[in-house]
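Asker: Protein chains in written order, with the working numbering: chain A, 1 to 343; chain B, 1001 to 1455.
For the record, the hints were derived by calculation from the structure and aren't laboratory data.
Cβ coordinates follow ideal geometry from the N, Cα and C atoms, glycine included.
Treat the hints with care, since some could be wrong.
[Said to hold, decoys possible] Below, in silico cross-link-like pairs of lysine to aspartate or glutamate (EDC-like), each with a Cα-Cα straight-line distance of 20 Å or less:
hint	chain 1	residue 1	chain 2	residue 2
1	B	K1195	B	D1077
2	B	K1195	A	D319
3	B	K1060	B	D1182
4	A	K258	B	D1182
5	B	K1060	A	E187
6	B	K1124	B	D1182
7	B	K1060	A	E186
8	B	K1332	B	E1275
9	B	K1178	A	D255
10	A	K258	B	D1187
11	A	K148	A	E167
12	B	K1332	B	E1262
13	B	K1124	B	E1198
14	A	K258	A	D240
15	A	K217	A	D240
16	B	K1195	B	D1135
17	B	K1332	B	E1263
18	A	K156	A	D218
19	B	K1195	A	D255
20	B	K1086	B	D1150
21	A	K217	A	E186
[Stated by the list, open to error] Which chain B residues face chain A? A few, computed with CB under 10 Å, are given here:
hint	residue
22	Y1075
23	Q1191
24	I1298
25	S1306
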Amino acid sequence: MLCSRLLLAIMLVTAIISAQVKAQTRFRDTIQIAGSSTMLPFVSIAAEEFGYSFAQFRVPVVGSGGSAGGLRQFCQGVGSHTIDIANTSRPMRPAELAACKANGVEQILEVTLGYDAIVFASRIDAAAFNLTPGQIFLAQAAQVPSAKGMVANPYKRWSDIDSSLPEQQIVLAIPGTNHGTREIYEEDIVLPGCQAMPAVQQLEPEAQLNFCSAIRKDGRVIEIAGDYTETLARLDAQHDAVGVFGVSFYQANRDRIKVAAISGVLPATETILAGEYPLTRPLYFYVKLAHVGLTPGLLEFSRYLASDAVSGENSPLQDAGLIVLTPELRQEMLQRIIRQQSL
Amino acid sequence: MKVAEPLIKPVITAGTVQQKVNASLARRHRKERVFKSFGLAAVLASLALVLILFINIFSKGLPAFWQSAITLDIYFDPQVVNISEKPVQAANESDNAFRQRDIEWQTEVGFINFNRLITDSLEKVLPDARQHRRDLQRIVTSGERFALRDMVVQDPGIIGQTRTLHLLTDANIDVWLKGNIDRSLPDAMQQLSPKMREWVQQLSEQGLIQNRFSFALFMNADSRSSLASAGLAGAFMGSLYMMLVVIVLAVPMGVAAAIYLEEFAPKNRFTDFVEVNINNLAAVPSIVFGLLGASVFIGWFNLPMSAPIVGGLVLSLMTLPTVIIATRSTLKAIPPSIRQAALGLGASKMQAIFHHVLPLAIPGILTGAILGVAQALGEAAPLLLIGMKSFVASVPGSPFDQSTALPVQIFLWQGNELRNFFEARTSAAIIVLLALMISLNALAIWLRKKYEKRW
Chain A
1 MLCSRLLLAI MLVTAIISAQ VKAQTRFRDT IQIAGSSTML PFVSIAAEEF
51 GYSFAQFRVP VVGSGGSAGG LRQFCQGVGS HTIDIANTSR PMRPAELAAC
101 KANGVEQILE VTLGYDAIVF ASRIDAAAFN LTPGQIFLAQ AAQVPSAKGM
151 VANPYKRWSD IDSSLPEQQI VLAIPGTNHG TREIYEEDIV LPGCQAMPAV
201 QQLEPEAQLN FCSAIRKDGR VIEIAGDYTE TLARLDAQHD AVGVFGVSFY
251 QANRDRIKVA AISGVLPATE TILAGEYPLT RPLYFYVKLA HVGLTPGLLE
301 FSRYLASDAV SGENSPLQDA GLIVLTPELR QEMLQRIIRQ QSL
Chain B
1001 MKVAEPLIKP VITAGTVQQK VNASLARRHR KERVFKSFGL AAVLASLALV
1051 LILFINIFSK GLPAFWQSAI TLDIYFDPQV VNISEKPVQA ANESDNAFRQ
1101 RDIEWQTEVG FINFNRLITD SLEKVLPDAR QHRRDLQRIV TSGERFALRD
1151 MVVQDPGIIG QTRTLHLLTD ANIDVWLKGN IDRSLPDAMQ QLSPKMREWV
1201 QQLSEQGLIQ NRFSFALFMN ADSRSSLASA GLAGAFMGSL YMMLVVIVLA
1251 VPMGVAAAIY LEEFAPKNRF TDFVEVNINN LAAVPSIVFG LLGASVFIGW
1301 FNLPMSAPIV GGLVLSLMTL PTVIIATRST LKAIPPSIRQ AALGLGASKM
1351 QAIFHHVLPL AIPGILTGAI LGVAQALGEA APLLLIGMKS FVASVPGSPF
1401 DQSTALPVQI FLWQGNELRN FFEARTSAAI IVLLALMISL NALAIWLRKK
1451 YEKRW
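Only chain B is shown next, with the shape it has when bound in the complex (with noise of 0.2 Å):
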């Protein structure tokens, strides 16, 4: 009788084995070194342009941070200043009554010429200055007449005093002493006059001319007629007045859906509609929300242009679909025993989600909507599609004022005219864009810190 023959031959002995292993270990060795050095790179590549973008940024733009100012005796002079007595509302007077006393004050306020306050204080540090007025008035930028004034209506008992006062200088004077304008080029092609030159330097060398911290740039809106005092108040105040619609809208609204999608809504074709378009919604370009809000908000609604809460609707449909993904994936990441441990105890549905779920979900919650604030307030595109990137002087009082935001800020300075003091103007503006990015973000962390459970 013959021996069955093993079905599987033993032909792998364990000395094969060891073989084959030893033989490819060389290989799969390399192929680890190969995949670990490509995946280096890749970090060290993204790192290096980071640096780069980050350097060029900051060596540009912290400059603008300081910028050069002249130090004056202005001389509130009374007979250049001749004006009325501030007026005073009267007990038995209206409110609207005195409003128009005022504004007719003010008005006759704006007509006094403060220049002459400026050039009259240049005189007495500038000896010849006498023979070179029209020079001499673009030493000082001509938004400070404006400070002046207001130092005025704020309190006219300042008339006949002297107060010594840090004034922006001209922008061109800014660029002239920062080194961004070749100082070797013939006068043609220089922005200040030679006998200006002289006295900047004179003015530099005594000390009159300093460069100090640039208050102008946080506490001023843009500025087209006196380029050294253009701000990003304006911009900052319309960009915070558009997050607080997006936090007022986008998040409760993305918060309710996603828990309904989540948890209460029945499993059909209508709801498995509603998520696929939801994801859909996420990946649409943002411009065309722009158009969406033109057409809608200002051409139906008739809200009016410019205004941050057009803006602030417009980006809220925009970081919807945002908030409703982060808060749906925290929903599932929450163990179903939780849930059934609440209903197992006789809770109701909505007691389970709101009193048990729903505060381990909030760390979650919180960061999705935090990131989607922060990418809304970087947003530029749809906003200049709702006349947002139109030249705003004025600090916007309320979100239907009209404003522009920070980051269409940094577009309308990258356009201005005079590229010698905007190319680092416009640098600063992204390194304030850049901190308040940044600090959403780290807000967004420590909050995910701070409530984040283990189980």
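Looking at chain A on its own, in the form it has when it is part of the complex (with noise of 0.2 Å):
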């Protein structure tokens, strides 16, 4: 009696699932969005408030996964279990445009948000830095230039480096290579830092290349390839660890982490926005046109996005640590999304 009764409950579920597999089989109506980590926190925002102000359109879906792997996701191809746009802190680059279009993502828009910095910081009871492109690259090298020739990294304290420098171990926790910011950190500090020493200069330059992208393997650094609470975690953990992380977070802990200056410019709001702080990088989206009028709100999200309303001056993007674009570049953006040009 019990079982005959629970078989018929059991059918009955079966059959309401199944019903609602067959009505599924329209478009998604949700907009599914994936990739930079740095990028999640502001389309995040946007997402939730175009989701909440427009009546007509849900709230979009926002996965991290960093730039890489968001583009991988959005290169897929096309159809409702694909992503609709793929955020990155890089620009996308030409393999990857390639497999997209062998994937038949044929037709893709780019749009720039704003910038994000990047800052190495210590923990608030640690030591002030004042660093250097080319100190950053001799504390986190395989091999550094010598006397004799190349040598393996002899420091082991950032001061072995260089006198000013504070009297502490040397350790660098640097985002791991599934991250947009772990390409910065490499164009902007470490290759300038090492490709500025004579001994350098006289390589060849795919020598030069293999020398300077080669990191110390005795544990002092340390690839994170969680996010940047992962990095924080470490830096609770050991007491010398510098990390490396976007702005934004760094404002948001700002009572438990320590930013040290680039070249004796620490990034402020007015460093960064004047172009004074080195470590600037623009953000990215990635929109597949093909689902346009497929995904409803699209485009309007897109455009909603860009709007100066909701990363521009004073908007709530730039109170979560977006440095915004300038206006004309705006406007460039803007009409890009209205005359969905493609890459």
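Join the two chains into one complex using the hints; note that each chain is given alone, in its own frame.
Answerer: This is the structure in structure tokens:
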């Protein structure tokens, strides 16, 4: 008796679910976004406000997973099981564009949302740093130039590199290769710092690149694959660690971490906007134009995100730490969205 | 003639046995004491660890169940909330046309600046508010303007009236009042401006800002634009839908498979092979099921990403071996005499199992199923791979809507930038998840006790 009733109930629920599956064959009605964890807070704020402000659209869903991960999902193809927008903290690489095209993702709209600065920070109770790209290179390199040619990195304390630096063990927590931040770290810090050395300049260009990008493997450089909270946890655990963060993360945790000056410039809103602070990078989002008209609100959300009210002066995204575009550039980006201009 | 010597010499007399026993007694007692103390030490150590974990989580998480809120008289000023009449469906109007009109009206309401209502009301209690408009806007968390909008959408008759409301304050005010940030730090390291700190002090002395039970934690979905309003409702519903899928799929399938294997299947190489593989499946790391789900359910069947239906399917696969193994061992434990008696009285095999064996096995099966579901409820790893760690700011309405799950929400909050606020919030989410797990386990125990039969 009990069993037959149970069976009946199970059959009923299965029938309801299969009816639901049939109803789902239409295109998804929620915008799906993935990519850079630096972009995640900004785009999430915009998504939430968009969904709450416009009754006809649903709140877009924003995932993370790093710039590379987001673009991989984005380039998987066209259809309701693939994402509509990829966020990145670096431009799309030619190889990624080729992968996209090979999978049928032909029409891609590229929009610059604003800028982000990356900062080097240590614990609030640790010493203050004033670093140069050359010093950071020397702290993290596998091999360094010396009088006897290239030798394995001998530096154990920052003061070994330069006597002006604190006498503190070298422990550097840098973003893993899945993060777009890593690319900026290498291009704006490590390479310039490395290539400025006379001994490196004598090498062939290819050998130079290989030499500069080799990272020491003795545990003093820690690659963080997760979010900035993981880097912060590393700082909590190791008093001497210096970590790489996004400026917005630093601003939310000013009571816990202390930023380092880069070549004498501290990252503050003024120095970043004036272009004095060297470590800034543009943030992008890529829109799959083939999904326009299929995913409701895709173009509207793109316009909303790039609009002055959301990501301009005195906007919620600026409050969250985004460095805003110039009005001219914003106009250009909005035009791109309206014209649905593809890469 | 020689007397045959006994084969075994009686070398051990009663006296020597006694001596031997006496000699070894101390050593054997010592061994027993050592073993007992090891066992006790193990129990105490594990209890101590659990206690440390609980103290840590509860001391961090319990304060997050209360959150600072400001009591304000909000006047729904008709000059600010200047909207047309709420549409009412006419008798000859189609549903679609009405929905269209309703959405247009809601969009109109969406353009109203509800922040004005809040700042106007704050100006009445803060005399110097006008000079610091930017600070003023930051006192109440930004999501509360949608709460006011929803009140108007629900009942436009509220326009022109005054309501006393408890509005959540900004997350940083909560952090400041709870002392989660060092108050002696210089201005540059503080999140609140000096003016806001002065206001907060004044308002809490007046009793306008108070710690109130945080319904937001249970009623709201996750939020990033208004951190103080971030809640668990979306994740809870996501988990609920997934558990429904698990109960509907894994439990009947697992029980049916177990009954077949235990009662009907012939003993041959094939069933041995199946049995070994079910045990292997139980040992497969859960993340592997996530990879499988991503490629099969999303890649092949084109099911939506981040949806509880996919999460439920993945967790069903994971729970299936647990249910099968638990059910089989319960069936094994039913005395064969029950089956034999039924068969002897002329019942068919099917009747013997469904009328006599299964009812006795129900408590065991239920226990296995509930423990399997509890295990699935706490699982996060496979869900990360099917897009369920996305930020979802709405409560899912069906298993096909995007959502997160409780363990994933813990993971997401743990990664939020505003550490001072979300450390407590994360622990509060852990407490909620633990409470659910404990109640599921209690249910399992209660069911077992209730239906238990002894022979």
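Asker: Does each hint hold? Answer for all of them.
Answerer: Going down the list of hints, with the structure as the test:
1. B:K1195 / B:D1077: It is violated: about 27 Å lies between the C-alpha atoms, which goes past 20 Å.
2. B:K1195 / A:D319: 18 Å, holds
3. B:K1060 / B:D1182: Within the cut-off at roughly 16 Å; holds.
4. A:K258 / B:D1182: Holds, at about 15 Å.
5. B:K1060 / A:E187: 41 Å, violated
6. B:K1124 / B:D1182: Judged against 20 Å, a Cα distance of about 30 Å means the pair is violated.
7. B:K1060 / A:E186: 39 Å, violated
8. B:K1332 / B:E1275: Within the cut-off at roughly 14 Å; holds.
9. B:K1178 / A:D255: 15 Å, holds
10. A:K258 / B:D1187: 14 Å, holds
11. A:K148 / A:E167: This hinted pair is violated, its Cα atoms lying about 25 Å apart.
12. B:K1332 / B:E1262: Cα-Cα ~8 Å, so holds.
13. B:K1124 / B:E1198: 16 Å, holds
14. A:K258 / A:D240: 12 Å, holds
15. A:K217 / A:D240: Measuring from Cα to Cα gives roughly 18 Å; hence the hint holds.
16. B:K1195 / B:D1135: Holds, at about 8 Å.
17. B:K1332 / B:E1263: The hint holds at about 9 Å.
18. A:K156 / A:D218: Between K156 (chain A) and D218 (chain A) the Cα gap is close to 10 Å, so the pair holds against 20 Å.
19. B:K1195 / A:D255: Cα-Cα ~18 Å, so holds.
20. B:K1086 / B:D1150: OK: K1086 (chain B) and D1150 (chain B) at ~13 Å, within 20 Å.
21. A:K217 / A:E186: With Cα atoms ~17 Å apart, K217 (chain A) and E186 (chain A) stay inside 20 Å; holds.
22. Y1075: This interface hint is violated because 23 Å lies over the 10 Å limit.
23. Q1191: This hint holds: Q1191 (chain B) lies near chain A, its Cβ roughly 7 Å from the closest one there, short of 10 Å.
24. I1298: Where the cut-off is 10 Å and the nearest Cβ of chain A is about 5 Å from I1298 (chain B), the hint holds.
25. S1306: 6 Å, holds
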